[in-house]
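Colleague: For reference, the chains in residue letters:
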Amino acid sequence: MDYSEKVMDHFANPRNCRVMEDANGVGTVGNPTCGDLMTIYIKVEDNVIQDISFQTFGCGAAIATSSMITEIAVGKTVEEALQISRNDVAEELDGLPPIKMHCSNLAADGLQAAIENYKENNQ
Amino acid sequence: MYLDNSATTQVSQEVFKEMEPYFTQEFGNPSTLYKIGRESKKALDLARQRVADAINAKPEEIYFTSGGSESDNLAIKGIAFKLAKKGKHIITTNIEHPAVKNTLGFLESLDFKVTYLPVNENGIISIDDLKAAITDETILITVMHANNEIGTVQPIEEIGKIAREKGIKFHTDAVQSFGKIEVDVEKQNIDLLSLSSHKINGPKGVGAIYIKKGTRVVPLIHGGGQEKGIRSGTENVPGIVGFGKACELAANQLDEHYEKLSSIRDELIEKVLTTIPEAYLNGDKDNRLPNLVNFRFKAIEGESLILLLDAKGYQASTGSACSSNTLEASPVLTALGLDPVDVHGSLRISLAPESDAFDVDEFVETIAEAVKRLRQMSPLWNQELDYDNIMCKKHDDTCRKC
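Going down the list, the protein sequences come from chains G and E. If you read the first sequence in the numbering used here, its first letter stands for residue 27, the second for the next number, and so on. If you read the second sequence in the numbering used here, its first letter stands for residue 23, the second for the next number, and so on.
Treat the hints with caution; some may be incorrect.
To be verified - Below, a list of computed lysine-lysine pairs in the DSSO-like style, where the Cα atoms sit at most 27 angstroms apart:
(1) E:K110 to E:K188
(2) G:K32 to E:K394
(3) E:K107 to E:K123
(4) G:K32 to E:K334
(5) E:K107 to E:K57
Keep in mind that the hints were calculated from the coordinates and are not lab data.
Make a model of the complete structure from these sequences and hints.
Modeller: Below, the structure written as structure tokens:
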């Protein structure tokens with residue numbers, strides 16, 4: 027698989043890969059049958075994502091996108107974070123192989139699911 | 023450390039040396055009558071003899087092709103088209119190489135009927151299933167000798183015997199088994215057999231088909247009538263010379279290599295299964311190639327594992343969908359009845375006789391570390407997840423797996 031250096035870096039040295047015990051938003055997306063399953067944890071305070079982490083089962087691209095979105099989203103407001111798209115994540119990683127764009131590029135969906143969960147928890 | 027010898031092998035020095043003169047000096051066309059052409063013809067004859075000797079065939083039963091895929095195509099389409107008037111039913115297994123599987127799929131589009139025999143959890147077909155599948159319409163049985171992903175060896179001698187009793191042609195794809203275990207076309211009752219050069223330290227782009235004397239096939243490539251009209255096109259002389267040499271070396275060292283490889287293989291299996299938690303062997307423990315092992319590890323994905331091993335200098339492969347061009351999980355591992363999640367966690371290691379300096383302990387430790395690391399990242403490893411309530415947001419045209 028032809029991965030960019032940035033993808034390989036985030037795969038080999040994933041940022042914020044851990045379970046977050048005190049998260050107030052958790053989202054899981056993907057399907058293990060397909061080979062990718064991702065859980066994103068967020069801790070939102072004063073409408074800002076103060077902490078974000080992930081756990082991912084999947085290929086190099088799935089792990090790298092999870093790692094990357096934690097860097098993009100931290101410090102953003104909930105509204106700003108909801109604007110992060112799959113393409114934003116791929117671009118920050120200097121691109122993904124075309125075959126991986128739809129399949130493993132799940133992090134933006136994971137973050138949205140975590141935010142939805144946060145909103146439900148705080149209604 | 024290269025551990026993907028089922029994908030391809032390194033051309034050995036002896037093979038390379040044998041080929042060298044046929045690029046720039048002995049470049050003659052074997053079909054020509056003058057000296058340089060006759061030299062090429064002589065080289066082809068010697069290579070043909072060497073291939074024949076390696077599988078207990080006669081030289082006139084060997085036809086050179088561009089490789090295993092062409093040989094499979096020629097055997098299957100060649101028999102199907104030749105015998106279509108007699109019947110249009112073919113029997114195979116559900117773990118064949120794509121060169122067989124997709125050729126049969128093509129024939130199905132031409133109204134041939136194909137029975138795909140299932141395999142048991144170890145990857146072996148049942149002889150009773152085979153017998154039950156035979157009809158008056160059956161013209162061909164094609165069952166691979168050894169599987170390219172899990173290394174499982176099929177009972178081809180018995181299959182060949184049944185086919186012969188019933189007057190049905192028997193083809194076997196011996197691309198993975200040849201040079202690793204005994205291939206004997208007489209003893210194993212084979213009518214057609216596919217061979218590839220680059221799996222046995224020969225060059226790529228060359229292979230052969232064995233066609234038993236008296237068996238007739240329709241050629242795929244028509245032209246100048248080379249290879250007795252079975253495969254037209256000026257022969258790939260350097261490639262064929264290299265293939266012939268590789269066959270000779272493989273045949274001479276078969277027993278020695280078997281001992282060496284199977285002992286490393288067994289050590290590897292034992293150490294992986296005892297060192298790594300939730301590690302399993304795919305395929306039959308006993309009926310397997312000496313050089314190939316396939317493991318699966320719970321809760322991790324194979325492409326990630328391959329990338330981590332590559333970073334440590336080990337090249338191996340996986341049946342995970344994520345590493346394939348089609349994003350489809352290995353049909354072979356799926357045919358074993360494995361959970362799709364477990365198919366993703368597979369690792370294939372294929373050794374070569376030159377794997378001398380291979381430190382099994384160090385390698386197993388590297389796998390163990392990589393697996394541990396991926397499990398620490400995996401939500402499938404430590405947590406209880408309610409899969410049914412997880413939304414798969416990947417449903418679109420590009421995802422054919424869900």
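Colleague: Give a verdict on every hint.
Modeller: We went through each hint and held it up to the structure:
A distance of roughly 15 angstroms separates the Cα atoms of K110 of chain E and K188 of chain E; the hinted pair therefore holds under the 27 angstroms criterion. Our distance criterion of 27 angstroms between C-alpha atoms is met by K32 of chain G and K394 of chain E, whose separation comes to about 23 angstroms. Of the pairs offered as hints, the one joining K107 of chain E and K123 of chain E holds, with about 22 angstroms between alpha carbons and a cut-off of 27 angstroms not exceeded. Between the alpha carbons of K32 of chain G and K334 of chain E the distance comes to roughly 19 angstroms, so the proposed pair stays at or under 27 angstroms and holds.
Distance hint between K107 of chain E and K57 of chain E is unfulfilled; the C-alpha atoms sit about 45 angstroms from each other, more than 27 angstroms.
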